[in-house]
Amino acid sequence: MVADPITTDDTISLGAEMAAARRRRWRQLAGRLLGHRSFLFGLVILAIFTFVAVFADFLAPYAPDKSDYRSILMPPAAGHWFGTDAFGRDIASRIIYGTRVSLRIGLIVVVTTGILGTLLGTLASYVRGLDGLIMRGLDGLMAFPGVLLAIALAAALGPSEINAIIALTVTFTPRTARIVRASVLVVKGMQFIEAAHAVGAGHTRIIFRYILANALSPLIVQLTFVFAVSIVAEAILSFLGVGPPPPAPSLGNIIADGRSYVQEAWWIAVFPGVAIAIAVLSLNLMGDGLRDIIDPRQRNQRDA
Amino acid sequence: MGVHHRLRMMGRALTVAGALALSVACFASQSLAQTKGGDVTVVQGSNPPSIDAMSTSSQASRNITMNIYETLYGFSEDIKPIPILAEDCIISEDGLTYRFPLRKGVKFHNEKEMTAKDVKASLERYRKVGATGNLLDPVESIDITGDYEVTFKMKKATPTFLEAFSSPRAPAVIIPEEDGQTEAGKNSFIGTGPYKFVEYVPDSYVKLARFDDYTANTSASGVDGFGGNKIPYFDTVTFRIITEPGAQVAALEAGEVDVLEQITVPSARRLEGNADIQTYENIPWAFNTFIFNMNVPPSDNVKFREAVQVALNMEEVMGISTEGLFQLDHGWQYAGTTYDAGDIGKDFYNVADADRAKALLAEAGYKGEEFSILTDGNIPGHAKTAIVIAEQLNAIGIKAVVNQVDWPTALKIRLQPEGWNGWTLQMGIEPYLGPVGVIATLTGEKPHFIKNDPQLDALYEELISGVTVEERQATFAKIQTRLYEFFGIIKLGNTGLMQATRSKVKGFKPFRFPRMYNVWFEG
Numbered sequence: 001m002v003a004d005p006i007t008t009d010d011t012i013s014l015g016a017e018m019a020a021a022r023r024r025r026w027r028q029l030a031g032r033l034l035g036h037r038s039f040l041f042g043l044v045i046l047a048i049f050t051f052v053a054v055f056a057d058f059l060a061p062y063a064p065d066k067s068d069y070r071s072i073l074m075p076p077a078a079g080h081w082f083g084t085d086a087f088g089r090d091i092a093s094r095i096i097y098g099t100r101v102s103l104r105i106g107l108i109v110v111v112t113t114g115i116l117g118t119l120l121g122t123l124a125s126y127v128r129g130l131d132g133l134i135m136r137g138l139d140g141l142m143a144f145p146g147v148l149l150a151i152a153l154a155a156a157l158g159p160s161e162i163n164a165i166i167a168l169t170v171t172f173t174p175r176t177a178r179i180v181r182a183s184v185l186v187v188k189g190m191q192f193i194e195a196a197h198a199v200g201a202g203h204t205r206i207i208f209r210y211i212l213a214n215a216l217s218p219l220i221v222q223l224t225f226v227f228a229v230s231i232v233a234e235a236i237l238s239f240l241g242v243g244p245p246p247p248a249p250s251l252g253n254i255i256a257d258g259r260s261y262v263q264e265a266w267w268i269a270v271f272p273g274v275a276i277a278i279a280v281l282s283l284n285l286m287g288d289g290l291r292d293i294i295d296p297r298q299r300n301q302r303d304a
Numbered sequence: 001m002g003v004h005h006r007l008r009m010m011g012r013a014l015t016v017a018g019a020l021a022l023s024v025a026c027f028a029s030q031s032l033a034q035t036k037g038g039d040v041t042v043v044q045g046s047n048p049p050s051i052d053a054m055s056t057s058s059q060a061s062r063n064i065t066m067n068i069y070e071t072l073y074g075f076s077e078d079i080k081p082i083p084i085l086a087e088d089c090i091i092s093e094d095g096l097t098y099r100f101p102l103r104k105g106v107k108f109h110n111e112k113e114m115t116a117k118d119v120k121a122s123l124e125r126y127r128k129v130g131a132t133g134n135l136l137d138p139v140e141s142i143d144i145t146g147d148y149e150v151t152f153k154m155k156k157a158t159p160t161f162l163e164a165f166s167s168p169r170a171p172a173v174i175i176p177e178e179d180g181q182t183e184a185g186k187n188s189f190i191g192t193g194p195y196k197f198v199e200y201v202p203d204s205y206v207k208l209a210r211f212d213d214y215t216a217n218t219s220a221s222g223v224d225g226f227g228g229n230k231i232p233y234f235d236t237v238t239f240r241i242i243t244e245p246g247a248q249v250a251a252l253e254a255g256e257v258d259v260l261e262q263i264t265v266p267s268a269r270r271l272e273g274n275a276d277i278q279t280y281e282n283i284p285w286a287f288n289t290f291i292f293n294m295n296v297p298p299s300d301n302v303k304f305r306e307a308v309q310v311a312l313n314m315e316e317v318m319g320i321s322t323e324g325l326f327q328l329d330h331g332w333q334y335a336g337t338t339y340d341a342g343d344i345g346k347d348f349y350n351v352a353d354a355d356r357a358k359a360l361l362a363e364a365g366y367k368g369e370e371f372s373i374l375t376d377g378n379i380p381g382h383a384k385t386a387i388v389i390a391e392q393l394n395a396i397g398i399k400a401v402v403n404q405v406d407w408p409t410a411l412k413i414r415l416q417p418e419g420w421n422g423w424t425l426q427m428g429i430e431p432y433l434g435p436v437g438v439i440a441t442l443t444g445e446k447p448h449f450i451k452n453d454p455q456l457d458a459l460y461e462e463l464i465s466g467v468t469v470e471e472r473q474a475t476f477a478k479i480q481t482r483l484y485e486f487f488g489i490i491k492l493g494n495t496g497l498m499q500a501t502r503s504k505v506k507g508f509k510p511f512r513f514p515r516m517y518n519v520w521f522e523g
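Protein chains in written order, with the working numbering: chain A, 1 to 304; chain B, 1 to 523.
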């Protein structure tokens, strides 16, 4: 979606022509994104990760929890590409299943953060009386360093996947809300919104059809970064023992298991670490590409 | 002991011919090397809950406090009660009075001489704040019967009293009379031991310094268990708290620290070829056990518990949880010790029979209720034990989940009557203390199972009132039989403890705590 007052102002119905124009624009956007090298690169890697996560049951050579005391701490070899851990569990299989857990947590956090952030950001900017209340509350949350807040919340709630999701959502929502609020404020002051008010459009219609549709670009870019940061943050939580509890394999858990054996069995910590690095890199590349194409203003601001 | 031990170490390296002559020569040069001085750093993984030795039964405390304090009686190397601050113990024929003449001239760290008044005050305090204060329950009164003598009057004859009194679990240490009225943890940390307390910075270190006026028990030939002729050599001993095993090993390799109270087995194996580092194997060190909460379903059902017992593959549990340093042992006393009950219960051990387990589950009417296994991430081996057990139980259709918390939280939860079904526990000091030590934790007011087994409680009473060793052995055989009838606790095996020092640390011998006396730096 590109901020373009005329096309979204469909109170003056342009019917089929409008729809065709919209499709054309989507095609153009997709074409430009796929032509963007780093976006494409990120997309391919993310697609591979997603494929691995979805088809873990078929791809993993072993069950992720299958321990075997006869093959404890085996270095990478033919039977176990990435070696085994202190339980004799296959690291490759654990990483494959761990990817599923990490991506699932990242994705859910993106969705919940997106919804909550949009809701709070829009309310704050659209309803005048709520602005101070909501934003000061969010400022309070933002006063804590992000990961520290997540650790504190996860520790207080107890180690589980759902609690990790809650902790990460609470941590990342304020930043998202702030971005939404800022762009809604910009759009809200534009002439076509005034025009919509003038022709008698309701608040719901104005918010969803006109304001949000035009304020989404920075949000989408932000959410790709939330996705990336969530994966890292989940790994941090698991590493500290406040993420999904063992024996569930998450990338952070596997690294935590390998912590005591870094000198004797480097492969336990290194391979999931590499997996996290690649996943986060791919999301960041995609985020950068999206920002370049759909939200060029932000790039100019950042570069300035 | 020191001389014997060194000779033994040398002997291992030497050929038979000429060994004697060479050992004598080496002994001469080594004794020259036993010079005072140096600052030694010992590493352990967790904070001592207290430096007040009598008020805690924590190993992290014992490691430190047994270098600071001493008891009247303690265990020898071969686990027999021997006098330490006492000179002797004279028990009357009827078993109703215990007379303890004290060693004369023993000085506290505040330079005051220890007398019968200090002993009485210490033991009266032990009754109140001692973590195992009930071991003085059989004692009617503690009387001062001379400047250097106390006498216990007993309520009734208790044949196992002296052994219990010698227990290092929460040691009945002797402190100055002035500390007699202090609350738990609030004494001035003054004892009679070879090192005196200097400073405790939580999460960082506990520092001790040599007590130059230490009154050694020169009647003994060398160190013997908790007693013997102790000689402090180091200027200071620092117990540094480093939680991360990897960081501990790195510090040892870098030469920043000198002794690791515990090192993971893979790390120890890796360091075996390193000339700067000496590793030690301390096995058997502890029982690895799995305890049921007999108060809540499904673990309240004896058939269910039996199913778990026969389902488990102990070799796998032990192999993984100990990283390979273990003994398969079904017994509730170490093999070869006085109360070893032989093959009783062996039929149920390391069976790993899924079909039999499933049949028992059906008999128990198990319907897929959740079986929550409580464990902690702090004590090495606990979490791994829980995870392997959960995996094995899931394989026979039990819905086992692992609840991993930190150690203090686990200790709180397991006291609650509900909210857990199984709990992983390594019993370190209890089996060392003998049958009473183990069974005491399974009976009485707060048994590990939450709900008492009346038969076991009765057998415990029979055990502690057995007059002769033979009687008590017979009772213990009945106890082991009973343990394999109601399956309230599962013996998984014996664990070992790997320790390591820098090679310049000489005279170190693995024991129930790192004895930092009669240990010195070479050169």
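Take the hints with a grain of salt, since some may be wrong.
[Claimed, not checked] Just a few of them, taken from the derived set where beta-carbon distance is under 10 Å, the chain B residues facing chain A:
#1 A250
#2 I379
#3 G397
#4 K399
[Unchecked claim] Straight line, CA to CA, 27 Å or less: simulated DSS-like cross-link-like pairs of lysine-lysine:
#5 A:K66 - B:K399
#6 B:K107 - B:K120
#7 B:K155 - B:K446
#8 B:K509 - B:K36
#9 A:K66 - B:K509
#10 B:K446 - B:K207
#11 B:K358 - A:K66
#12 B:K207 - B:K155
#13 B:K107 - B:K155
[Stated by the list, open to error] Covered, in the sense of this in silico footprint (three residues per stretch, anywhere, with C-beta under 8 Å from a C-beta of chain B), are these stretches of chain A:
#14 22 to 29
#15 241 to 250
#16 260 to 270
These aren't lab readings, by the way, just hints derived from the structure by calculation.
Nothing here was measured: the structure is a model prediction, and the numbers come from that model.
For every residue, glycine included, the Cβ atom is placed at its ideal position computed from N, Cα and C.
Checklist entry - Quick check: which numbered hints come out false for this structure? => result Of the numbered hints, 2, 3, 4, 9, 10, 12, 13, 14 do not hold.
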